[in-house]
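J.: Sequences listed follow chains S and U, in order. Add 122 to the 1-based position in the first sequence for the working numbering, that's all there is to it. Add 830 to the 1-based position in the second sequence for the working numbering, that's all there is to it.
In short, the hints are calculated from the structure, not lab data. Hints should not be assumed to be uniformly reliable.
Simulated DEER-style distance windows between Cβ atoms [what the hints assert, rightly or not]:
| # | chain 1 | residue 1 | chain 2 | residue 2 | range |
| --- | --- | --- | --- | --- | --- |
| 1 | S | Gly400 | U | Glu1049 | 56 to 66 Å |
| 2 | S | Glu199 | U | Pro1192 | 18 to 28 Å |
| 3 | U | Gly968 | S | Asp142 | 26 to 36 Å |
| 4 | U | Arg932 | S | Ala152 | 12 to 22 Å |
| 5 | U | Glu1267 | S | Ser253 | 25 to 35 Å |
| 6 | U | Glu1267 | S | Gln241 | 32 to 42 Å |
| 7 | S | Gln157 | U | Pro1156 | 23 to 33 Å |
| 8 | U | Lys1251 | S | Glu368 | 17 to 27 Å |
Calculated pairs, EDC-like style, for lysine to aspartate or glutamate (alpha carbon to alpha carbon, straight line, at most 20 Å) [stated by the list, open to error]:
| # | chain 1 | residue 1 | chain 2 | residue 2 |
| --- | --- | --- | --- | --- |
| 9 | U | Lys853 | S | Asp201 |
| 10 | U | Lys921 | S | Asp436 |
| 11 | S | Lys180 | U | Glu918 |
Idealized CB from N, CA, C, for every residue including glycine.
These are the residues of each chain, in order.
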Amino acid sequence: MSFLREISPLVKNMFLSERDVLSIRAAQIAAEIQQGERKNYNEVLDLSSGDLHRGGIKPITFVRQVLAACFYPALLEDDSLPFDVKQRANGLLRQCDGGSVGSYTDSCGIGKIKQCVSQFITRRDGGVPSSPDNIFLTSGSQMALMFMVKLLVQSEGSCRTGVLIPVPTYATFTEALEDQRAAIIPYQLCEEQGWTLQMEELRRALHAGRRTCNPVALYICNPGNPTGHIQSRKSIEEVIRFAAEERLFLLADEVYQSCVYREDTKFESYKKVLSEMGSTISSTVELASFNSASKGFMGECGLRGGYMELVNLDPAVKEYTRKLFSTRSSPPVGGQIALDLMTDPPKPGDPSFPTFSEEVQSIKNMISKNACRIQEVFCEIPGISCQPLKAGFFVFPCLHLPPRAIKWAKKKQMEPDMLYCLHLLEETGLHVRPGGEFGQRKDSYHFRLFVATHEDTMEDVLQRLKTFHKRFMKEFS
Amino acid sequence: MSENGCEHRERVLTMDTMNPNIKRVEYAVRGPIVQRAVQIERELKMGVNKPFTEVIKANIGDCHAMGQKPITFFRQVLALCSYPDLLEDSKFPEDAKSRARRILQACGGESLGAYSTSQGIEMIRQDVARYIERRDGGIACDPDNIYLSTGASGAIVTMLKLLVSGEGMSRTGVMISIPQYPLYSAALAELAAVQISYYLDEDNCWSLDINELRRALQEAKKHCSPRALCIINPGNPTGQVQSRQCIEDVIRFAATENLFLMSDEVYQDNVYADGCKFHSFKKVLFEMGPEYSEKVELASFHSTSKCYMGECGFRGGYMEVVNLDPEVKIQLTKLVSVRLCPPVPGQALLDVVVNPPQPDEPSYDTFIKERTETLATLAEKANMTQEILNQVPGIKCNPVQGAMYSFPRLNLPPKAILEAKEKGQSPDMFYCMKLLEETGICLVPGSGFGQRDGTYHFRMTILPSKEKLKIVLAKIKEFHQHFTDQYS
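Next up, chain U with everything else stripped away, as it sits in the complex (with noise of 0.2 Å):
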């Protein structure tokens, strides 16, 4: 091979000596069409005509790149953090300064800059554990189960690397939802497990049906070893607030089936339907007796990327281990060290998460004003967001009961599947191209979480302000009706 005159000798790293697993992981929320969002943004900015003046990204589950306000409590704690020097100013109140005094002395050498432990700073386990019994109803919770870590996506991984193991027939399965946040499906190829996909019932509002999972693990079983199964509750990209009844069967289904459990509730104060509620795998497992409290294994996931706080930069999170076999908890110990430790402005945004303001401290009432505010007008977007597009002839919203997404379904004309199959795209993903290229929206494609054969959807998250998502449903609505008779 030859390169500007140059004998190029083959070189160690091509795509033909790199590691094969590697290869395998697609991620559609920053995929292809994000790439060409930006793309067109540059466009824009160098003055191309568009049919639009400005690229709408509402692929990805970032609150503050869509105007929402950071939590001015938190913000001023992890400002105190970072300066101590800051300690003297008035201009600060004195319950963030104690706070922060309070985290540095957990820190080495009183900064944000030392190390810490790989399984994160003591004190903030021990008031992550306190925020757990809380809002569990009093339920005991060790800190010691508690493993601070870089989001919730870098415990995921970590717990995912533990459980996968095995050849052949005995190679680890890992039951994910379909459709799923593509997290799971990129870390399972990327450690060449074997994912067993189990489908939610788009039906009946994408509730877990426990007929399903069975269905889908009996299939597995003939060729991987069944080992966990992942919740998403609240669900991404689906929005589904899962019942109590609902959550007790997968308990019971797990601890029959011996399964891990591994349950993903970043979103649990994002719940807006009525009659809908957040209830934490560990609480019902606890409430459910000995025999299954003893049992079961479970790891639960949060962040402090979603609900009211949106803080995805700074990589804040956490999961709690329940039921662990405890020579399997040395070499998660083990595991994590390899990481150093997690991003110490992270932890400290934890600890002043689950040690928020109290009513009797000074900051309180704006920290509840802003706290209300942001999650109200979050639920105000869903309805908005579901009435809208079930207005539209052609797509069907189911209720977008928590989380940060809607997930409808499309009907698309046999014409439009067919120059999209023509073309090499997935049906979505040619729909969703030309929405961006008309409309400067930018979506992820139903196709990047998973479908059910011959459907197709998108995800939209609720995130744009009030206003802006009033005119992206509305240009949505226009485009589907457009499309529709474009290919009539």
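Okay, chain S solo, but in the shape it has when bound (with noise of 0.2 Å):
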């Protein structure tokens, strides 16, 4: 028996949920169909992640095409290549050294791309200057908000270091959290306004998390993750006086910023809103502001590239994040090209604009679509109901379920919508997630469905909801 069963109390106490059962489940049957099984449907439809290549759609090609000749430059001397794709490949190789993406770069990330990323954040802000002293790449932006909790946490001592995070919000963050041994206060989005943010149940999750912790960060997500809602600008200014009074550093996931879909929507980030809020507060209020490659429409989860904006940093902390940085290897060079290509991707002129603008603008599409649709479906499904979707990959449907279908679940001692998902994926295929795992209000029920998909798929995934749900209803009734 080994010493290591007394584990770090830290590992063990990390949140491992059912939802490994139905993750287990849904690879048990995509196997079962694949050895002949026969079943209702075809294939285990994954709406589980917000992975846009995994759900069928494909990558951008100009960002793969400066890939393969960044890896390979033997592909420079090519044809086949547009000129725009060489010319920012050759720019790129330039960049590291010996010429080789093999190399190691600066711990922070190539200093050519985060001058990329800061003129992109100009650019994005309408002038607000952003300098690339203060961005820092990361394999992935889920490693750069880590890393400032691990800056912000003090994880001994009797006192415990709280942030404020609201529900829902997506899983993996909250694990990280714990894993981090911060305290974890939660403030509840108000599902019935869209779920925006409102005032009130901040300040008091605040006042409550004061008696038992010491708060010390408010983490937003904007675009919400699972919600699909965005922020106003005035529910951003709230916030940000909010923080500033209570002496909050804030913490803005903004990686689902270019998934904004409705006209009568905007994307605006902490950083601006924050700069056009007068002096005492625009240059004291700290704030880290986080996106990624990973989500958007070049949707390269794997490559694993994200970076963080530092705004108001003591200059010592920042020295020192430096210096921490270094101690690391550098984010992986993937990830760093595709945060170059985003930041600075093709424009009207270049040869391959047409290509990708068509591509771009057919997943935005693509994604409009499929929320009418959703929305659409639901009004003809008594017992879900749905939230619109104004950004990002997901909406989080309510599940209005029969006392019955709660009853029985209690008895199976499993969360209701749990339940619901179990029986989705066994009848018709669907994987999507139960909204347990993202926190909810008690007695409520969700599940988060991703939307990012092929107009066909989504048609499909919401026809199989429809008569599964029609039934499960029935049933219970």
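Quick one: dock chain against chain with the hints and give me the complex.
T.: Written out as structure tokens, the structure reads:
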């Protein structure tokens, strides 16, 4: 028997939910189908994660051409690649030691790419200055987020450091916080109002938190995961003012910022709004903003490219951040290249522009159409309701489950929405995640549905869901 | 505190409010001397006059940065995986295409851009397991015991995290060699684990002495709970390649003392000296019979960053765990899931590394040629380095048996040591800074790796091209003589 059984308590407490049950079963069913077992459906439809490519969307051509040329520079002699691809690849290779993407880079990321990122931020924010010195590239935005949490959280000592997080929030983040021994202070988003952040609720949460821990940071996800909501400017201002008054460090997770679908909604970054709020606030509120190449229309989750921008940080802390980064190996080069392309895409006039904009537009249109279709279909299904999808890759529909279903689930010692999802999987091959994984108000049930998939797939999904749900509701009426 | 006339209230995050554990971390390889080197590079670019025309960075084990070429086949497969349209391109060989197709099929949505499972793509883990079996003469390897990671460092830090617990007397102690690769000391500091240093024997080619292990362990038991023993073989920075006997002794020691073995084997293909051979800890463990092979807990690490590949930027790596308690394994799987997944291009690269061209395949000849040449050149440079440095009075260099570095011992004049101490610098840092300013050569002082009190070293990579290396070694020789005269 290994001493390791007295394992680090940090690891032991990490939440390993029934989510594995669902994923394991999904994999099992997929294998059974492959071995010829007959089911009511031909395949498992995996809508459980925010993975564009896994869902069947092709990568952006320009991105992959540049990547290929950087990996194998002999392609630069090729006629088949467009001029702007070669130019970009050449430019990137010149930034690499020995002209090879196999070298280590600067631990905070390649200088030229950080510059691209800061220029992107300035353009996005209508001219608000951004310095490459405040940009740090990482292996996915999650790493950057966890780095900041690590700096902020005092893991030893009697008084734990608290981090305010929205409910619902995506599960990996919660687990990562627990991993760091942060005290989680949940604030409920308001479903009835489109999953908006309500200031009274935020205040309530903070005051409750202060009784048991030392709240130090406020985490916002905008656009929201799993909710699909996007914060209004007014709401962002209120949050910033609150952070200023209550002395909280702002963590703004903005990885879905380019995924906004409706004409009437606009993404505004926390940095931009902060900069426009008068010098006392704009020069004092500490903020870390996060973005990634995993989401948006590139969907390059596997490349692991993310960054954070630090605003108003104590100079000694920033310097120390640089030092800490130097103790780690550089972020993966594929991810860095993806960030360069994300922040400096082809422009009108570039040879690759027509294809590029067509590909991006087609994904945008696809998701918009899916969003509409989802609303339409849900209107036809009593027992499911859904707030409008404004941004991001997911919707978080509410299940109005009959009391008999809830009772039955409790009898099986399972959360009702987990039971719903398990049956949905068994009977229709649809793999979605239960609301319990993200957090929800007591006695409310949801599931998270990935929406960035082909329209036919979405139609198939909705039909399967509709059929199943009607049957389920009938059985438990 | 006032800044620009604005009342600056105290920030939430300051050096005082920061997590105290994270403040103890140092990493010499990219530390102050490298920062100065970068500064000097900028000055050179701006036309500032210096006694040299370029900075030579012999501080970090980055092969491509120093001119080593990537293996053609690997890059072809990666390009094909990135942009599958190229599968129609006749300029790519069939064996590269077939591997790319196979890898893509194992990826979600047939794209390198999809998340993989946190443990790494199953097919690739199976391929890694088969590679290990071939390497170790048929000893079985379970793909389920393979964890793909972000470089070997990713897996090493994960494993250390799993091992560290307890408080005060029961706080985890981790044994690591002196000198060591400072990733270990940095990780242990960050995890607030107790570092238990055991000294390698400089007079005996930096070999590991079991008596020294025993001494360090006994000493440590007084103030912590020793749980793990880390070995780097071939060694960094020392380059020593452990003898088989030594490995057996270490395993026996770990078994007796109930220590978890961590074996960092990223330089396993970098063995140069006659009479030296790489023996994996796994292989030796299993050849020692069930008394050990069924009991000793072992994690072995490998990566795509060193050997003949030198692909640091891709962050490809894996660890194999042996005899891990099943419950602990569950915890390990949980822990890796928080990081989402290792970079998929790195996973794909690892797959080709463990599945290189076979003799009957079109790319075989080129592949073998490139690999042989790279390794042979490294062997030559290892030899050249140790020969030339040993010709310098006041420098003594142990044979560079493997890995990518030399770690020579410096005889420093007392006056120099005094001046260094007055400046608040460790004497070898003082030496290396002067070397940098006068010759443009960037090395890492031995104090960054650990060394016996009163001894001084530097770590220099053997990676610059042969021509450049000759120049570097000549300059160091000249500098050392000048330095010795200056402080006599």
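J.: With reference to the structure, classify each hint as holding or not holding.
T.: Hint-by-hint comparison with the structure:
The beta-carbon spacing between glycine 400 of chain S and glutamate 1049 of chain U, approximately 60 Å, falls within the hinted interval of 56 to 66 Å. Look at glutamate 199 of chain S against proline 1192 of chain U: about 20 Å separates their beta carbons, and that is inside 18 to 28 Å. Range check, glycine 968 of chain U to aspartate 142 of chain S: Cβ separation about 34 Å, and the 26 to 36 Å hint holds. Restraint check, arginine 932 of chain U to alanine 152 of chain S: a C-beta distance of roughly 19 Å satisfies the suggested window 12 to 22 Å.
In this structure the supplied range 25 to 35 Å holds for glutamate 1267 of chain U paired with serine 253 of chain S, their Cβ-Cβ distance being about 30 Å. Look at glutamate 1267 of chain U against glutamine 241 of chain S: about 35 Å separates their beta carbons, and that is inside 32 to 42 Å. The hinted window of 23 to 33 Å between glutamine 157 of chain S and proline 1156 of chain U holds, with their beta carbons roughly 27 Å apart. With their beta carbons about 48 Å apart, lysine 1251 of chain U and glutamate 368 of chain S fall outside the hinted range of 17 to 27 Å.
Taking the CA atoms of lysine 853 of chain U and aspartate 201 of chain S, the gap is near 52 Å; set against the 20 Å cutoff, the hint is violated. Under the criterion of a C-alpha separation no larger than 20 Å, the hint pairing lysine 921 of chain U with aspartate 436 of chain S is inconsistent with the structure, at around 54 Å. Straight-line distance between C-alpha atoms of lysine 180 of chain S and glutamate 918 of chain U comes to about 17 Å, which keeps the hinted pair within the 20 Å bound.
Hint compliance for this structure: hints 8, 9, 10 are broken, all remaining hints hold.
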